[in-house]
Amino acid sequence: MMADAVLFEAKGVTKRFGGLTAVSDVSFALREGEILGLIGPNGSGKTTLVNVLTGATGYSAGNATLNGRALRGLPPHRICGLGIGRTFQVVKPFRSLTVLENVMVGGLFGRDDGGARDVAAARARAAETLALCGLGQHVDSLLAADSLNVPERKRLELARALAMRPRLLFLDEVMAGLNTGEIDEAVTLIKRIRDGGVTLVVIEHVMKAIRSLCDRVVVLYNGAKLTEGPPDQVLHHPDVISAYLGRRYKESKHA
Amino acid sequence: MLEVRNLSAGYGDIQILRDVSLSVGAGEIVTLIGSNGAGKSTLLNTVCGILRPLAGSVLLDGQDIGGRSPEQIVGLGLTQVPEGRRLFPNMTIRENLLMGAYRRRQTAEVASDLARILALFPRLQERLQQRAGTLSGGEQQMCAIGRGLMAKPRLLMLDELSLGLAPIVLDILTDAIREVHRAGTAILLVEQDVAVACDIAQTGYVLENGRVALSGPTAQLRVDPHVQKLYLGL
Amino acid sequence: MPITIIVGAAVCVLLAAAPALLSPFLIQFLINFFMLAVLAESWNIIGGFTGYASFGNAGFFGVGAYTTGILLTVGKLPFALALLAGGAVAMAFAALIGTAVLRLKGQYFAIATLGVTETTREIVYNLNITGGGGGLSLPMVRSPLPFFYLMLAVLVAAVLINLWIARSRFGYGLRAIREDEDAAAAMGIPTARYKTLAFALSGGLAGLAGGVFGYWITFLDPGEVFKVSWTIRMIIMAVFGGAGTVLGPLLGSAVLVAIFEGLSTQLETLAELCNGLVVIAVVLFMPQGLIDAIAHRRLSPRKLLQNLRQYRI
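Residue numbers (my numbering), protein chains in the order written: chain C, 1 to 255; chain D, 1001 to 1234; chain R, 2001 to 2313.
So here's chain C without its partners, still in its complex pose (with noise of 0.2 Å):
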């Protein structure tokens, strides 16, 4: 499964807001089939990265490539015609839209070569991912989506991102607010995901979903990369431990 191709690119991304500088001088790359964890305090640019290589804001400096296509000046839609996608840290359900619906949407304006363009091929599509990602049993549900509860939520959000077929997802805090028994099931359906061809960038701070998931992590401290590689190494590097996981968590038996 593990590709040696390059296939996506991040390349000196800056984002500046007035007179603070959210994101800086940040490059990492990922190879096909790679789960990246990206990990670091609030506050530490995490999110605006994925803003920037999203297309939600635009670059300051830098730029980004997916399998070689620059995609710095690209309009979001156009960035997920490509087959990046991304969930959101507060989860952004199509509240009045029904279960089944918020996921047709993904399939029916994701990636470009994707398929399901059509209302009935988006909908078999989305019924698919709902069972993939646990949520059968709301696929001809009539409520509205509000109506699920939190990691229900979090897996809706899961699988309309899935629906868009992306090539690259990029996870923000999903396991934000779910207990051990959910993050578990959770990992396990991210590598379900990952085998099944996506590339995955994983924002967390649950240590324990990085370290069960992530071929490699970059740690953002202010903005700029700290440190990058396998999840042991750097989880144990004395600037990260200073800077983000503090002493309860090199106290605890995990460290």
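Under the rule of at most 27 Å between Cα atoms (straight-line distance), these lysine-lysine pairs were calculated in the DSS-like manner:
#1 D:LYS1229 / C:LYS208
#2 C:LYS191 / D:LYS1229
#3 C:LYS92 / C:LYS191
#4 C:LYS92 / C:LYS208
#5 C:LYS191 / C:LYS208
#6 R:LYS2227 / R:LYS2105
#7 C:LYS92 / R:LYS2105
Below, a sample of chain C positions facing chain R; criterion: calculated Cβ distance under 10 Å:
#8 PRO76
#9 ARG78
#10 LYS92
#11 SER96
#12 ASN102
#13 MET104
#14 GLY106
#15 LEU108
#16 ASP112
#17 ASP118
#18 GLU157
Everything labelled a hint here was simulated from the structure, so no lab data went into it.
This one's a predicted model, so the numbers in the text were calculated from it and none came from an experiment.
Built from N, CA and C at the ideal position, the CB exists for glycine as well.
Use these hints to put chains D and R onto chain C, whose structure you have.
Below, chains D and R alone, put in the same frame as chain C:
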């Protein structure tokens, strides 16, 4: 101080809590653990007066406060720091904190409480004039706790303290909560993260499907096989 | 679904035969109702499906009316052509305004679109070709029947367009934009393009209604045509009936026009009062609109009170 007796509550047609009983004494830190949907937030919302009990009672110092309005309950010394912080995003940190003291009139005391809270959270002092919507998750949590404390509660209820926070921020917050407890405020902490919950609290209740499944000293809960399997993933 | 089509077709056939059976007064009443229903259904495209509450659709109504009127009188074009041109110009005008105004959100969008009607009226006042403040006179047509059928045709078109939107990929995109524009963009929906298209369709239909209206009443006065109360009425009817549904605005117009016009014959002020009371009652007890309450059987007193509490009024 706070006693919940055989409480049943829910939203509209949907009943969430069934026959729940727990208590928080004057000097205690108590935690309520459970998965999503177990009813933890529902319990806090019922105690605070946002929801009416369907059956059972909520007693504060022996007085039934079920059905009273939230403002009255805050006036009696019970304050909630809600899940997701719910700060006023376009107000500054200072303004958010002062809003916590909305019902209080003794301006000198309010000012000294403000100073005390800023000493507890130096990061807030640095960013006093910054709009709350622009703060990082950890700073928002500090501001939310600070705002709760500004009401001078006898019992502070915290909903999902650790949600979306970096591990190092949790260190700062757990220290702060212990400090608040030492200064005389009782604490009811609702938490997903069992390790954090058992770290901070002395007594715990485990809520499952709207009922209390287990309760006892947290030292015991931490090593209980059921808790270990379901919540600690061991 | 098939039942709805059968019923709809039956209603259309009945309506088509109506002129032979109804009094002249009722025919005029129905033309008025059809027009308001068109306006409500057209507003529904941008306000209901897309969630951008436009307060300027009277402007497109007026542009359609005046374009058709001018082409008819000065341009000496046959009415059919003038009408289509009126709709097309209104549509293009909406698309043009949309590129600027659709970048705004919520209340800013509402105010900007309100400005559109006001500004357009002033421009029309000051042009010679429109007859300026003196108004524009159009040739008289003796029978109301052509207007009956024309307005009915435009209404059928408006409902069919709403129906198409409700089931098409475009419609899913619009609704996603309404629910959460950021998430919609992240899903690959070309939000700017879709919003502009919805606004243009909405304006075009309003323009067609305007074109028929002008010829029907034979006289165009800027103050009467570019009037905010047209906009308010169409919004109330759409929201009352159920914004974002296909038949809601139609139902809303039917009920409100029936109450208002029906009572108008008895007592003018009573009609206004009832109109207002009915709208208030629906907003309080059935915020999703009349059609939602009927379709989901939410008319029991308990459910109505639940709505009241849920929407925290």
